[in-house]
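Student: Sequence:
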Amino acid sequence: MIKIFTLVVTLLCLSLTAYSKEKHPYVFILGTAQDAGYPQAGCYKSHCLPGWADKDKRRTAISIAYVDQTQKSYIFDASPDFPEHMYRLHQQPFSPSLSGIFITHAHIGHYTGLMYLGHEAMGALKMPVFVMPKMKQYIETNGPWSQLVEKRNITLFELSNEKTYRLSKTLAVTPLLVPHRDEYSETVGFHIQGPRKSALFIPDINKWHLWRKDIREEIKKVDYALIDATFFSGDELPGRDMSKIPHPSVKESMTLFQSLSNKDKNRIWFIHMNHTNPLLNAESSESKQVIKAGYNIAREGIKLPM
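With mature numbering (1 follows the signal peptide of the UniProt record, and there is no 0) as the guide, the letters of the sequence shown map in order to residues -20 to -1, 1 to 286.
Misleading hints may appear alongside valid ones.
Quick list of in silico lysine-lysine cross-link-like pairs, BS3-like style, CA-CA up to 30 Å [what the hints assert, rightly or not]:
no., residue 1, residue 2
1, Lys52, Lys143
2, Lys187, Lys143
3, Lys177, Lys268
4, Lys177, Lys25
5, Lys243, Lys201
6, Lys245, Lys283
7, Lys245, Lys200
8, Lys231, Lys245
9, Lys231, Lys187
Restraint-style ranges between C-beta atoms, simulated for each label pair [claimed, not checked]:
no., residue 1, residue 2, range
10, Glu263, Asn122, 39 to 47 Å
11, Arg161, Ala273, 38 to 46 Å
12, Ala273, Glu197, 27 to 35 Å
13, Leu29, Thr135, 40 to 48 Å
14, Leu29, His4, 19 to 27 Å
15, His99, Lys243, 45 to 53 Å
These are computed hints drawn from the structure, not numbers from a lab. We put the beta carbon where it would ideally sit given N, CA and C, even for glycine.
Using the sequences and the hints, build the whole thing.
Tutor: Written out as structure tokens, the structure reads:
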């Protein structure tokens, strides 16, 4: 009887220890591809075919989540792959509930997942959606997004540049305006502050030198910098005018970051990769080159302790 009691106590202690470890806040990488995912619709070239042939090689559009120890979560960017991302959150220990969504800007890979909150799908009730002023106006005045507001599927909360918003005892979020193609809204990145560590999330920016902040200094302030890696180089889209879709290529960024210490380089996580970007393939020579140089490449399912 004593042995059985001892065994039960031991198992209970182990269970509580595992529970405690799982309940530390973390950033959860949900999607790593550019807005259209990988493989991209209509792409049947050699770099896309592996994704069509093997579902395990497919990558979902950009999104991350903050999961805290109160079993709540906040998503940053609601991509077209929102249903898959919600399921991945559901699979986490204790199935953390979705407490809100932060949107960086009005390009298709970053906000169109909101449609799944509508009455045709989830029928959400007053889901908090945190947006900048122009993004708020865009949603309120353009269907079908305005219907989400009218039917109270979502509640919009307007953010201000560089103002910090405390969501809980373990989470504070600060939006940071960045230069991008702002056809319908402004574009922001987010500084995410956890209880012990912090992250910078900038999936889209035109060029680093156009930002009034020095990205190198911003990287030094955080533990994780998840930054724009849309293109590995500037020659990935032959026939397209790259000046019309400006992004800092990974090659450009690595050149800019050469002066950083090894410790600071290791804070960087390249994310938001176009279907042409060889970094999507973890075994590519380009991926190995980036890792060897001391950087990280975001992969779906990775958890970054906060």
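Student: Please go over all the hints and tell whether each is borne out by the structure.
Tutor: The hints, checked one at a time:
1. Lys52 - Lys143: 22 Å, holds
2. Lys187 - Lys143: 23 Å, holds
3. Lys177 - Lys268: With Cα atoms ~27 Å apart, Lys177 and Lys268 stay inside 30 Å; holds.
4. Lys177 - Lys25: 41 Å, violated
5. Lys243 - Lys201: Distance ~12 Å between Lys243 and Lys201 Cα, so the pair holds.
6. Lys245 - Lys283: Distance ~19 Å between Lys245 and Lys283 Cα, so the pair holds.
7. Lys245 - Lys200: 9 Å, holds
8. Lys231 - Lys245: Judged against 30 Å, a Cα distance of about 14 Å means the pair holds.
9. Lys231 - Lys187: 12 Å, holds
10. Glu263 - Asn122: 39 to 47 Å: Taking Cβ atoms as reference, Glu263 and Asn122 lie about 42 Å apart, which means the hint holds.
11. Arg161 - Ala273: 38 to 46 Å: 29 Å, violated
12. Ala273 - Glu197: 27 to 35 Å: For Ala273 and Glu197 the Cβ distance comes to about 20 Å; the hint is violated.
13. Leu29 - Thr135: 40 to 48 Å: At roughly 43 Å between Cβ atoms, Thr135 and Leu29 fall inside 40 to 48 Å, so the hint holds.
14. Leu29 - His4: 19 to 27 Å: 40 Å, violated
15. His99 - Lys243: 45 to 53 Å: Hint holds: Cβ distance 49 Å, inside 45 to 53 Å.
The structure fails to meet hints 4, 11, 12, 14 from the earlier list, while all remaining hints are met.
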